[in-house]
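S.K.: Now for the letters of each chain:
There are 2 protein chains.
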Amino acid sequence: MINRIFELQEKHQWTSEELNMAISAVDEALPIALHLVAFEPVFRMQASPELLTKYDALIATRGILGCYLQTELAHGTNVGSLETTATYISETQEFEIHSPTLTSSKWWIGALGKTATHGVVQAKLILPGGKDIGPHLFFLQLRSMDDHKVLPGITIGDIGPKVMMGYPAPDNGFARFDHVRIPKGNMLSKFAQVTKEGKYVRPPHAKLSYGGMMYIRSSMVTGAGWTISRAATIAMRYTTVRRQGERGPDGLEIQVINYPSTYYRLLPILAHAYVFIELGRSVSQAFASLSARLAQGDTSLLAEMHATTSGLKVLATTTGIADIEVARRSMGGHGYSVFSGLGHVYADYVPSATYEGDNFALDQQVVRGALKSLKAFLSLVSGRSLSPDAVSAALSPSTAYLRLLLPALPSNPSAIPKITESRWENPTDVILLLEWRAALVVQALAKEVEAHPSESVSGSVDAGAVQRAARAITDAFVAARVGTMIQECPLQGEAGKAVKGLYMLYLLTSLESGLVDLLSFGIVTSALQQPGTQDVTLGLRHAIKALCEVLLPNAIGLTDAFGFTDWELHSALGVSDGRVYEALWAAAQREPLNAHEVTPAYEESIKPILQRGQRLAGAKL
Amino acid sequence: MINRIFELQEKHQWTSEELNMAISAVDEALPIALHLVAFEPVFRMQASPELLTKYDALIATRGILGCYLQTELAHGTNVGSLETTATYISETQEFEIHSPTLTSSKWWIGALGKTATHGVVQAKLILPGGKDIGPHLFFLQLRSMDDHKVLPGITIGDIGPKVMMGYPAPDNGFARFDHVRIPKGNMLSKFAQVTKEGKYVRPPHAKLSYGGMMYIRSSMVTGAGWTISRAATIAMRYTTVRRQGERGPDGLEIQVINYPSTYYRLLPILAHAYVFIELGRSVSQAFASLSARLAQGDTSLLAEMHATTSGLKVLATTTGIADIEVARRSMGGHGYSVFSGLGHVYADYVPSATYEGDNFALDQQVVRGALKSLKAFLSLVSGRSLSPDAVSAALSPSTAYLRLLLPALPSNPSAIPKITESRWENPTDVILLLEWRAALVVQALAKEVEAHPSESVSGSVDAGAVQRAARAITDAFVAARVGTMIQECPLQGEAGKAVKGLYMLYLLTSLESGLVDLLSFGIVTSALQQPGTQDVTLGLRHAIKALCEVLLPNAIGLTDAFGFTDWELHSALGVSDGRVYEALWAAAQREPLNAHEVTPAYEESIKPILQRGQRLAGAKL
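In order, the protein sequence lines correspond to chains B and Z.
Going left to right, the first sequence walks through residues 1 to 621 as the UniProt record's numbering numbers them.
Going left to right, the second sequence walks through residues 1 to 621 as the UniProt record's numbering numbers them.
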């Protein structure tokens with residue numbers, strides 16, 4: 001596939017944008033992605049001008065094929081503990097790349113197993129004398145350009161299949177290095193360097209290399225949106241065609257989508273898709289302005305962007321993974337057929353919870369950032385009387401919720417809106433409630449951490465607290481963005497009403513998923529509440545149901561709007577003409593197993609079973 | 001595999017119990033399961049004595065291989081709407097089996113695609129004159145016993161693969177029938193019959209055939225327990241070996257299991273495994289006494305057992321599906337390797353949410369049963385003053401929670417226990433809270449249904465209400481059983497403490513998962529509560545954390561106790577000697593892709609890519 005695409009690129013003189021469209025149209029994870037998304041950007045951002053001159057064109061034309069060797073058998077997320085070493089030998093001005101242990105074997109490296117000729121290796125830089133400077137990047141050749149054989153001193157192989165047939169094409173591989181020498185110039189030394197004599201030269205800014213990771217994380221919001229949109233489209237179409245159970249006024253069985261238990265699962269997914277696609281746009285814009293500032297050495301937006309993208313990555317991937325399965329299972333038995341088209345989507349998407357930063361580790365970072373912001377904010381406002389504008393100026397979009405703690409200190413919860421049934425329709429109220437949740441959860445967490453100062457954040461609080469707080473923080477940030485989306489939605493008429501309805505559904509279901517916090521802190525109260533007899537959340541649930549019923553007639557239109565072709569969806573259940581049973585039947589007829597009426601296994605094993613059985617039963621049929 | 005097992009059975013004269021052990025030791029879903037678990041029991045329970053005489057021995061010895069044809073392309077759970085017809089032709093005393101439409105094609109039928117020679121077909125019985133009597137069962141031959149060819153008038157094939165490589169071995173198939181004639185005696189007519197003249201003879205009890213379905217559902221509780229135990233064992237072992245991140249007092253990185261975000265995910269899973277395995281035992285006993293009564297025509301326990309097994313099936317499978325993935329993902333990146341051993345467990349287990357009754361449909365049945373019980377209970381106690389004993393006698397184990405509504409009517413919530421921190425350790429309190437939740441949720445649902453009498457249960461209430469109520473009802477039932485398990489646990493000393501601790505953890509996390517209800521109805525209150533500042537659920541969270549910390553040192557012992565061999569777990573991450581990295585390395589070396597250093601794809605496509613690139617870059621390497 002890859003070779004053919006590059007052949008076509010040359011023939012038709014495609015631009016790189018056209019090439020990307022062609023690759024994306026193939027709709028399959030391919031090893032070349034690691035060259036394009038991991039190896040090439042890292043090399044380009046961090047190689048010295050000399051190294052760039054030598055390899056830039058070759059990398060751009062795929063005259064060499066690269067991979068990015070970071071993860072090891074025993075260490076992933078914790079990059080600081082990687083074991084591979086790159087020892088500088090000043091006598092020969094070389095680095096010696098070495099894998100000192102089994103556990104230092106590079107592992108999971110995409111395109112390494114069978115494809116890549118070169119790679120960028122993450123290894124601990126060891127100076128003469130043995131000083132360990134920590135992980136740095138080194139460029140090295142892995143395979144011969146004559147015959148693709150692995151170079152001496154290197155052991156390379158494929159790490160084997162992934163679960164559930166996920167990512168079948170990429171050759172994730174392992175590598176071990178036995179004192180492999182590379183020239184000094186092969187260190188990626190645009191920022192940090194080693195002198196001829198073996199002295200270390202620090203980079204001007206420690207976090208300059210974070211940009212790439214943040215870019216990938218922020219792009220995962222858009223990715224989640226489009227992944228969910230595919231699942232939502234297939235499930236919405238199939239459950240509209242499928243009829244089952246009770247009969248409606250027309251004498252036909254009810255369309256499955258019309259059961260509350262179905263639309264209550266699928267419409268919120270559709271809302272996630274719309275919100276994440278739109279949110280991804282605004283995050284990309286924010287990232288562009290960060291990049292512009294970083295290029296000028298201004299790192300002031302870095303911490304904010306790091307916290308935001310970490311939280312969004314967790315939210316988007318957690319939601320995406322769950323939504324694919326919710327959509328697939330909403331299709332009942334046929335959802336389990338490979339022709340549903342959603343099995344491989346899940347299998348390919350589920351590692352997103354781990355790659356580009358394990359979600360549980362990122363939650364910690366979101367919470368650490370929030371606690372730091374809280375402390376800074378409290379010390380800023382302590383003993384001073386600031387105007388609301390001054391408070392706002394002191395807070396970033398991701399910490400705006402902290403303003404709520406100002407009037408509430410020491411104890412004044414009056415700013416929490418009193419919710420009556422009608423107000424569930426008001427986005428401002430719902431956003432405010434979600435911000436209150438974040439504020440109080442973070443405040444409570446800070447108290448807990450304070451009470452156990454000797455331990456780490458995760459150790460000092462109850463077990464689910466970090467995840468819960470991270471979610472509350474990110475939900476509040478996203479809710480505020482969704483509020484802006486509602487205000488600024490350019491669509492008019494029925495379409496505008498439907499899309500804004502989806503945005504509102506996002507807010508309400510986000511609130512619903514945070515009900516434990518909202519109730520625990522007494523944020524959702526009700527004048528009607530009588531202990532033991534009245535469900536105070538009933539109003540919210542009714543509001544969600546009512547909104548779903550308004551959205552339902554437009555469900556197909558809202559999914560058609562994604563513009564998927566049948567070829568892209570590749571799903572018998574999601575065909576645009578609705579002839580799902582014909583499509584399932586046709587797909588089954590094409591199965592290789594059906595090429596012969598009698599399976600070869602008959603002579604080999606079925607016949608012996610039957611004959612033995614008839615002999616034992618004393619009956620010949 | 002199947003042929004070899006039967007060969008060994010004959011050679012060693014295995015009993016059927018020994019045969020079952022051998023099949024279970026193969027640890028693979030095989031087509032023969034459909035003969036043993038679906039075809040044979042249905043045939044044996046419902047065939048007439050004449051048909052039994054003819055085929056009983058052949059079925060027992062596998063002289064014929066059977067399947068059970070129920071699901072159709074357009075209908076599954078709603079058996080009443082199946083379209084396949086069996087029309088009685090009195091002239092020839094035959095039935096004519098026919099598939100009138102594409103959507104009537106039998107679909108998903110295990111072992112039909114390539115294996116089965118015979119089958120039991122679920123079809124609408126049509127009497128002469130056209131009267132439709134609804135679904136009945138008919139026995140027919142599908143393939144020739146001479147050469148395994150499909151018999152005339154029948155179209156058979158395999159429906160294709162399942163998602164995520166689930167159930168790879170079974171040949172789920174489709175079948176269409178074109179006016180296929182079978183003798184009258186082939187109707188399974190132990191209960192219902194058709195006379196020679198074409199008159200219908202009703203079965204003595206309409207629900208006599210429900211027993212089998214309930215038996216399968218109740219056995220799924222035990223199945224979930226053992227499935228979860230496998231996932232818990234692998235994840236617990238790997239996260240004990242794996243070290244990552246912060247360094248502990250010994251200078252080593254912390255074992256991943258010791259992070260609260262890990263043990264808080266894994267210990268509750270372990271608790272689920274223990275509870276479901278033990279619960280499965282008591283459900284099997286209950287089922288045995290039901291069977292004994294049914295055999296005597298006593299159907300009094302049927303409704304209760306139906307409601308209980310429906311709810312337990314939903315709880316066990318929903319929990320099991322989620323737990324496998326929680327365990328797999330707790331292992332980070334390596335959890336995504338096929339060598340984790342959990343990918344196929346998920347892929348094979350996930351359809352359990354749909355088969356043997358779609359979980360969403362079963363939820364409806366649980367709730368309908370509960371509303372019926374509530375109504376009966378209220379009319380029983382209305383205007384009368386019954387003793388507690390009389391009330392208890394009127395309630396079954398699955399409706400015991402309704403007793404709480406008695407003193408609470410019209411309005412007296414005083415029986416709700418006031419929870420202070422220390423009382424989270426008291427199982428009786430926790431069980432009582434879960435029963436209160438069930439009582440109030442069902443009571444509120446009844447009010448909502450009453451307010452919309454014209455609609456169906458699912459249509460009259462908020463969208464998540466049915467699922468929520470079903471869960472509350474089942475949780476209360478299981479909690480009471482767990483209370484008994486704690487009381488009657490025969491283990492002494494450390495082991496007894498640990499197992500009882502797991503049972504308690506089950507109760508606390510069950511309560512935690514029901515917090516929205518418990519808070520919504522004001523069941524969990526706190527004297528300390530000050531709106532906006534205090535998290536009333538903090539005590540519960542601390543209790544869970546404290547209990548986890550007590551259990552943690554025994555986590556490996558508690559999983560070793562399941563007695564899995566390395567062969568059974570088949571997981572590089574779950575090896576009993578803890579040498580997970582060596583096992584991963586060894587597994588990768590055995591990969592067929594690693595048999596050759598240079599992949600055949602090099603000549604075919606990698607080399608052309610590299611050469612084209614070098615030509616375009618004007619550089620030959």
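Treat the hints with caution; some may be incorrect.
What the hints assert, rightly or not - Have a look at the derived ranges for each label pair, beta carbon to beta carbon: (1) LEU102(B) / LEU552(Z): 45 to 55 Å; (2) SER382(Z) / ARG247(B): 53 to 63 Å; (3) LYS607(B) / ILE556(Z): 41 to 51 Å; (4) PRO100(B) / ALA595(Z): 26 to 36 Å; (5) GLU28(B) / ALA619(Z): 45 to 55 Å; (6) ALA595(Z) / ALA376(B): 30 to 40 Å; (7) MET21(Z) / GLU604(B): 19 to 29 Å; (8) PRO100(B) / ALA495(Z): 40 to 50 Å; (9) ARG615(B) / PRO183(Z): 38 to 48 Å; (10) LYS620(B) / MET21(Z): 23 to 33 Å; (11) GLN487(Z) / CYS489(B): 51 to 61 Å; (12) SER291(Z) / GLU604(B): 52 to 62 Å.
To be clear, the hints were calculated from the coordinates, so they are not data collected in a lab.
Owing to the predicted nature of the structure, the values given are computational and were not obtained by experimental measurement.
By construction, the Cβ of each residue, glycine as well, lies at the ideal position given by its N, Cα and C atoms.
S.K.: Going through the numbered hints above, which ones does this structure break? Give me the numbers in ascending order.
M.R.: Hints 1, 2, 5, 6, 9 and 12 contradicted; others consistent.
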